[in-house]
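There are 4 protein chains.
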Amino acid sequence: MPFDILRSPFAFPHHLIGPTNYDSVLQEYEAWWKQEGQAISDAVDRTGTPWVRMFDSAGKRVDEILYPPDYWRMLQQGYRAGVLWRAFQDKSLRPSFLLIYLTSFYDSGLSCPYTVSLSTALPLSKYGDAALKERFLPELLREDDRNWQGATWMTEIKGGSDLGANVETVAVPDGNTWRLTGDKYFSSNAGAELAVVAARPKGAPAGVRGLALFLLPRQKHNGELNYTIRRLKDKIATRSVPTGEVELRDSEAYLLGEPDEGIYLILEVLNVSRIANSVGSVALAQRAIADALDFAECRIAFGRPVIEHPLLHRQFDERINDLRCAFALAWEAGKLLNEVWEERRPYSQRYHLFRLMAHLAKYWTAEFAVQTAKWCMEVHGGLGVLEEFRVERWLREAMILAIWEGTAHRQLLDALEVIERKQAHHALFEYVGRPPRLREAVDAIDAHLQLSAEQRERDWEPLGASLAQLTAEALAGNLPSVA
Amino acid sequence: MPFDILRSPFAFPHHLIGPTNYDSVLQEYEAWWKQEGQAISDAVDRTGTPWVRMFDSAGKRVDEILYPPDYWRMLQQGYRAGVLWRAFQDKSLRPSFLLIYLTSFYDSGLSCPYTVSLSTALPLSKYGDAALKERFLPELLREDDRNWQGATWMTEIKGGSDLGANVETVAVPDGNTWRLTGDKYFSSNAGAELAVVAARPKGAPAGVRGLALFLLPRQKHNGELNYTIRRLKDKIATRSVPTGEVELRDSEAYLLGEPDEGIYLILEVLNVSRIANSVGSVALAQRAIADALDFAECRIAFGRPVIEHPLLHRQFDERINDLRCAFALAWEAGKLLNEVWEERRPYSQRYHLFRLMAHLAKYWTAEFAVQTAKWCMEVHGGLGVLEEFRVERWLREAMILAIWEGTAHRQLLDALEVIERKQAHHALFEYVGRPPRLREAVDAIDAHLQLSAEQRERDWEPLGASLAQLTAEALAGNLPSVA
Amino acid sequence: MPFDILRSPFAFPHHLIGPTNYDSVLQEYEAWWKQEGQAISDAVDRTGTPWVRMFDSAGKRVDEILYPPDYWRMLQQGYRAGVLWRAFQDKSLRPSFLLIYLTSFYDSGLSCPYTVSLSTALPLSKYGDAALKERFLPELLREDDRNWQGATWMTEIKGGSDLGANVETVAVPDGNTWRLTGDKYFSSNAGAELAVVAARPKGAPAGVRGLALFLLPRQKHNGELNYTIRRLKDKIATRSVPTGEVELRDSEAYLLGEPDEGIYLILEVLNVSRIANSVGSVALAQRAIADALDFAECRIAFGRPVIEHPLLHRQFDERINDLRCAFALAWEAGKLLNEVWEERRPYSQRYHLFRLMAHLAKYWTAEFAVQTAKWCMEVHGGLGVLEEFRVERWLREAMILAIWEGTAHRQLLDALEVIERKQAHHALFEYVGRPPRLREAVDAIDAHLQLSAEQRERDWEPLGASLAQLTAEALAGNLPSVA
Amino acid sequence: MPFDILRSPFAFPHHLIGPTNYDSVLQEYEAWWKQEGQAISDAVDRTGTPWVRMFDSAGKRVDEILYPPDYWRMLQQGYRAGVLWRAFQDKSLRPSFLLIYLTSFYDSGLSCPYTVSLSTALPLSKYGDAALKERFLPELLREDDRNWQGATWMTEIKGGSDLGANVETVAVPDGNTWRLTGDKYFSSNAGAELAVVAARPKGAPAGVRGLALFLLPRQKHNGELNYTIRRLKDKIATRSVPTGEVELRDSEAYLLGEPDEGIYLILEVLNVSRIANSVGSVALAQRAIADALDFAECRIAFGRPVIEHPLLHRQFDERINDLRCAFALAWEAGKLLNEVWEERRPYSQRYHLFRLMAHLAKYWTAEFAVQTAKWCMEVHGGLGVLEEFRVERWLREAMILAIWEGTAHRQLLDALEVIERKQAHHALFEYVGRPPRLREAVDAIDAHLQLSAEQRERDWEPLGASLAQLTAEALAGNLPSVA
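Residue numbers (the working numbering), protein chains in the order written: chain Z, 1 to 483; chain L, 1 to 483; chain E, 1 to 483; chain S, 1 to 483.
One chain only, chain Z, in its complex shape (with noise of 0.2 angstroms):
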């Protein structure tokens, strides 16, 4: 049945952009979350927030993060298949995407973990000075199943948006080291061995100008912990990432660049982070429209399979197509990024194109996610909302994925910054092929942006959702059909 590599997150890619490398290594992350990862997932999540021992019987502080074995084994799994230390040694961030891709199908917020593993390797490798290369990208890259792991810290307490206002961590210099004090409220990967974490430097200017990216481990030099845990939040899902609130006190850290290009590093921080979302979104969908079509074969209302009743038939259709577009845009905005991210200021006009593709990508393939995960419980029917059945997770963590990395408003209006500043709805016209609808709604934002800045702001988010669907159109035409 044509249908059926909807059921396989390593198939339905395959199916969509051919053979790639890494194939025999997809086939066998495949197996293992059939045989066991799956099981693994459900009860991780089902056991909701772990637990944190914060002091040893000797009463000496901690912070460990009290998972299950299993989760160890679990998470160790995509290290090993090479999600982190492939990127470094392929030069290409193809399968590290791959493998959030399949990662996302079985768990979504497993892919949180790599991703930020992602974000700390690539600073340090990019910005990091030899000695701190060599004391810990080996450490991050290691691949008998002892890597470190990483974390990217930016968000305190007043919130994440406007990180010019809100971050208030102090970084003070301390030798060749500094000190950082502070809260940071949405900690990912808390426990981590090395974290990205966004300060200010002591006598910087207030705004994002004055905010600078440093290397923090979890312990001193002495041996000691660098950071405690004050918790773990509990979160509607993603609990395979244990995301925590960090207290960085006289905290050890290494500056990464210049202590004034700080907000660009987080940017592009954020760049990687925001694709791995867009391709986490496709593959939750992918497998919500799976559970959906699993259940729509089995369950018999008024005499047959209610995936044969047309209504229901002709919604599967459309979210598979839908499914189809959403994976185009996603990869797209992926090939992108692999193509400038080892770009450094000043920018080219690619990277400006990569980043209003990345801001569609985010926006809309996690709105496909949250929609396509609330249609599949109502495909479930009264079993949709019992905890019983596995599907209601999926919608939590959509939510997740829609609003962690920035929401859609968020999203939105980045985009709507990048087509001001750059005009990069131009270069993406140009990119995708100049289809003729497009072209359409190139003219309408051209149009829009001599609009009051209050009304452009106001009335674009209708513009901005045409663009990002549009383009997601355009970019499916390349692929093949799934019917």
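It cannot be assumed that every hint is accurate.
Identical chains share a label here; the pair holds if one copy fits it or two copies do between them.
Claimed, not checked - Only pairs whose alpha carbons sit at most 30 angstroms apart, straight line, appear in this in silico DSSO-like list of lysine-lysine:
no.	residue 1	residue 2
1	202	335
2	158	34
3	422	126
4	34	220
5	158	220
6	34	60
7	91	133
8	126	220
9	202	220
Please keep in mind that the hints were generated in silico from the structure rather than gathered at the bench.
Since the structure of chain Z is provided, determine the placement of chains L, E and S on it from the hints.
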């Protein structure tokens, strides 16, 4: 500020429909919720599925549902305010719907016990014989905090849409009572003192025509438990109603109406719950908007409250207008129900108009509630996905509203059926005052009805959605504006 | 039946000590527990550790402890009955102990907030200067349901026995206040409006001589939080008191007494809590016996209620007699405290007698509570280990009574110390009326005191245990019998 | 340090009983526990009662027990090591008991599935006909990680002690099988592929003489579920065994032995589980001592590790000696079982000696485990009552060991019965080598037997306790010392 009425589930309907006889009751009830009820509801939601004590320590089966004492206080508050007895005293469902609206703003799950108690009392009063009414009705309508509760148990494990095929509970006559044996899978308000239950009299034909409706008390004549609760269901929300799997084993029951008209009685029961669901959905959407508003007014980004950001402000304006439309649709459907609920077969054309409106309202308001709750989470950004801030609850609640009493898919097809059979869209067109935009929709539907049955069903969704939206907008035209 | 008084925590003490001025208060309080309180307490226990909301949605640290509303109603019931204000109004701890006895029969954890509030009010009234007393004491003693609560925070992570070595909280003078910085590890009643806190003034000597006692309000003068709660502790029981880890960071505090006499004030605080613990232990043991009795009367095996099985019946008789002894010991220790609590250094010989009695009572009654709770589980057989039947709770509660305020080991050694230093065993012998069997014990102790320090400690346990038991039996000789 | 063997459940028995054929198996198994098993067991305990999926999404009853995958790995480890198949291969229960000892040091609840599987295989091999054995025994004894599990389901809701009165499950013959209908209340290892079940053949006499023992597979011949699990029980511990309430409804079963000798077969099943319980109790006590030791060595108070405080040190010495005695008693009882388990009625005098020893061992070792676990918590002070430090778990586990398979009360009375009927105390006296102190006890018992039946039971406890203790001490005299 004009937005202020959004924060009150009394003030917003009051603004739209004007004063009622129940204003002081409603204001007092709202005051209780603010002062006490909200915190109780939070605690009940957070605690999750309540606990059943199956046996006492002497080994006797008791099936006590162990909510904390606060729950019973919260529950009783609505009964005392008159959600049940006022409908009978005033011979109008209006006070019930007003109280359900208000309740649902704070705890949409709690509206379920009220609704199913109403849905038990109504068929009892309409179809019960004198002895049955005399024995049971006064228990439901007590005003002394000792009223019985009702419950409506139709669905079995194989699915809720196709009752004709899936109800396997058998009823066997036993003197002037019946004995029911079977398992009910989604039994709302498990533990109620009285339930209406769908079952098939032994020897009755297959399909919906063979169904009958029975009244089933919690205790047998001899004081023994008349049904057992296999377990309570782990739902993602509506934790203020215990939904269980109920086992009937030779359970004593009383026939309501004639044995071969059960399906009509069942549909009449659903009429009430669909309207209650619509009313509750609107209230939940109001709540999500109110919470988003509170947050957007106090959250600062880029130097001003986020409510003042143009794109977000526009979203608020649109949501509020949509809320008005959704209210109009739900409320009008309720008014129609109030006109027709005492009808018996053969039903009038007014009844069919009501049915169409009810399906549109159930479908449209629940969808609006889901999308609004999702948007409210996005407005909250990262805080939106934390269990700490309650806002994620509204999406969980809304998803259940969208699914129980029939999903969107079901409502759309049932609306199509009443259009096909009774041309109810024409009646609707007349009823809402023949607005031109609806004329186009009605014509399109007439054309659609020429298609094959398969095509009619397959391509119906956009037409049905449009009919709902246009009807809501037309009805809202009669209501005061909110800004 | 003579056993009936065992089912009432009013009737049993009343039988032993006769009428008091508080009988009607106690009876009303007991009636409330039966009707409402028991179910609330069950729900609080079952829900587990309460939840702290650390931040409000505006990002402000708030540290709200989110018990359900019922909890606050339950808590307030005891304050309203006078567990705190009656002690000051009647200048006697007697009403407090009677109310704590009654409370502990239903919820021994709830006695903790009452006890620590008392332990805050007493040193404040005794050692606070006039301004401090005027400002804070009336808040604690309000009778209008808005009274403040107190708390006693001594222990830090390295352990509670050796305060001299382990209190690392530092106090720095700041005008007429002090600033405290440190972490308290077992902070009972975290969230209280006022706490007494052990700290070491900067520059004070090491060891117990360098400790001082401070009064610390929840809010600073400027309204900010004066301490934060790192987390609440997951205890196996006493869930009706929020025990937290508290962080003091330049927290405003007021010195009580002289800076170099803190250790004496701390010990005076412990005097109160040890007696409350003893009283509560006896009440808990009574409860376990009462529940065992209920079960044994209705459980049938081998043709008769198990209470009628000879071996079990004998066990009941012995338990009840031991309960009488335990009550006598705890009650007498309370009477002595009532005599001496206003003493200041240098303390009288009566004070030292009290100390010995307090150590014996804390030790002996808690051990009795543990063994009785364990036995009660065994009486219930398999039901005893199910969470469904509440009986396992009493063992969890008892284990905490046996450990907090000092374990058996600690009480035994402190008793030995007051014997070594003050020959308090001789005073005890006189006090209980010179019974012959105690004469032997006293002689044995005198001989024991000739041993080396090492041997004295090593071999003390059997002597100390015997002293406690013989004292309890001697004191019980003055009480009415129970059968 | 001499204490070191206390930290190893291999080393301690090895020290006492010397090398066995299983040393390398045991060492490997212990290594697995240290490296992986302990953390899995912690996670299983912390997660609480596992979850049952009753229905799959197609609505079919499946009753899957949803432990995390780690659980199954942990469980399989013991089967692979040979806890079941070695007993049959080596025709000795010795390897089973050694493996159960080792398992119980880490997770005493996990020993239950092993024990009940053994208790299923033994009567099957002894009383099953050839066809039954051929069909089922190899499934239990597979060595390829796909072995079936067994289960023993006797008890019903009215109580476990008086099976004669309380077993209401009825068995009706149906060709060469039987059909069982009834509810089992404490069904250990619910979900097992095979269970032995007590039931009363239709028409059999009341009381124990009317009981028969049946073998009941999880699946019927036609592949359907042969029993359903009403729910799993919320136990305070032993969460590594799913204990459920099992519903039998015309369930297929096979008679073991003769219909009128069921009670003897049931008692033979209990023989095995009582010895396993004794062995596990000693292991648990060893574990509690080992944990106390770890803590006491690293906790500092008053300037030195608390292990060096004289009173505590003495307590350690005493505990360790008592541990040796408890081991001796349990082990000897196991040796006797190994001699007699193949006996059939009429039983030899050796069998009656075994029964007395088994009752004394079950009673005494469980009591020791409880008291030691309690003491271990006290050694830990405040940390002992926190869920964070695992130590509170041992008391929960121990309480179940003290209750299931018959409480102290039951063991004492059953010991008395075998003394009264078979003069088994004399055989015991001979068996342990006629030590003088036991002579006194035997004489006292002889005198006691002259009392009335009522008095014999009422006053038996101190004599029985003394007999157990003296027997243990006498047996320990043959074992090497521990210091």
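Hint check:
| no. | hint | result |
| --- | --- | --- |
| 1 | 202 to 335 | neither (38 angstroms within a copy, 62 angstroms between copies) |
| 2 | 158 to 34 | between (41 angstroms within a copy, 27 angstroms between copies) |
| 3 | 422 to 126 | within (25 angstroms within a copy, 70 angstroms between copies) |
| 4 | 34 to 220 | between (40 angstroms within a copy, 29 angstroms between copies) |
| 5 | 158 to 220 | both (28 angstroms within a copy, 22 angstroms between copies) |
| 6 | 34 to 60 | between (40 angstroms within a copy, 22 angstroms between copies) |
| 7 | 91 to 133 | within (16 angstroms within a copy, 62 angstroms between copies) |
| 8 | 126 to 220 | within (23 angstroms within a copy, 48 angstroms between copies) |
| 9 | 202 to 220 | both (21 angstroms within a copy, 28 angstroms between copies) |
Checked against the numbered hints above, the structure violates only hint 1.
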